[in-house]
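Novice: Whenever a hint applies, use it, and build me the whole structure from the sequences.
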Amino acid sequence: MTQLGKMMRGALLSLVLVSSSGCGYLFGDNGVFRDKSEDYKKSPERAKLQLPEGKDANALQDIYVVPEIRDSLVLSGEFEVPRPTPLVAGSSDEIVRIQKLGDERWALVSMAPGQLWPQVRSFLAAAGVQVVRVDARAGLLETGWITLEGESMASRFQFRIEQGVQRGNSELHVLQMNQAGDINSWPIQSNNLQQESDMLQGVAQFIANSSDSAPVSMIADQAISATGKISLQESANGHTFIRVGLSYQRAWASLAKALEASTFEISDRDRSRGEYYVSFIGPDAEEEEGWFDWLFDDDGHPLAGQNFLVKMDAESDSSVAISLLPVEGAEPLDVRQEQALLATIKGNIN
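Residue numbers (the numbering used here): 1021 to 1370.
No lab work stands behind these hints: they were computed from the structure. The model shown is predicted, which means the values in this text are computed figures rather than measured ones. Cβ atoms here follow ideal geometry from the backbone N, Cα and C, with glycine treated the same way. Treat the hints with care, as some may be off.
Unchecked claim - Cβ-Cβ distance ranges computed for the label pairs, FRET-style:
id	residue 1	residue 2	range
1	1352	1063	47 to 55 Å
2	1333	1280	20 to 28 Å
3	1150	1209	33 to 41 Å
4	1287	1355	54 to 62 Å
5	1287	1255	48 to 56 Å
6	1329	1066	34 to 42 Å
7	1063	1214	48 to 56 Å
8	1293	1222	54 to 62 Å
9	1214	1073	49 to 57 Å
10	1285	1201	16 to 24 Å
11	1158	1222	35 to 43 Å
12	1204	1350	54 to 62 Å
13	1289	1225	28 to 36 Å
Specialist: Below you can see the structure in the form of structure tokens.
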């Protein structure tokens, strides 16, 4: 081999080595362009930043807060990968629904409070309504005085965002006030229920039309929990029950709708005692697979046709407990069956 040939061979070999090492540098396990999707698992947890004495630390908040686990209950029986609990109440895919109980109205919105907050602000900006007070941590927006078309007296409105009953849901309440009497404090109930209803309808329609591009407010999302007001709990005697953070009146009405949506037929009720007498119909055999598929075989649901007593007890002014009991003389429920029936009722309460 000539001297020139040896030099060319050495240069080629060096080029191959450089190329190989370059691939490792760029695409290997430690390369510049390596897959970094699992890096978060290696991130250490660091201690909170300590400020000098006398400095206010309220502005230091976690950007991504780990949500609280509301269901501490572990389902009984041999472990199987369970079907996920419904993310929103019921099976409806509506973004916004107007709810009413007596003179009270509110919008049930299928998005977290942190998403709903900027939507309400966008609605007010688009409508040219001045906002005079904003408190994202309390979920409050208050407008200035405006005179609506056809009205002789000016009004102002308060928008209040709360966490919904179900995880990832929100509630939007609107309060209206006339420019008359004591204007230094908001009334308990709107002075003009029709104006309240019209404003709620307007903002609800705006949210429904623009939900696909909803931004997120981190402050509102941190302050207003998106974990919901409902959970499965276990009593001291080992029975499962549903805890709902609602007033007795509202929970009573919500439970009736939830039972019907969960394929229970209500035969009788006693509001003063908090009792619903129901019969479980069970899922339609022609329906697609659902929550109960893991519990029964091809012969149908083993509890179909059985009667139950659904008992609701007030724990406080803003919390109730819901239990499912067999009627007198009936066989007691298996723990796993009790939990499964309560889980589907829980998913339909809003």
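Novice: Could you work out which of the previously given hints the structure breaks and list their numbers from low to high?
Specialist: 3, 4, 5, 6, 8, 10 and 11
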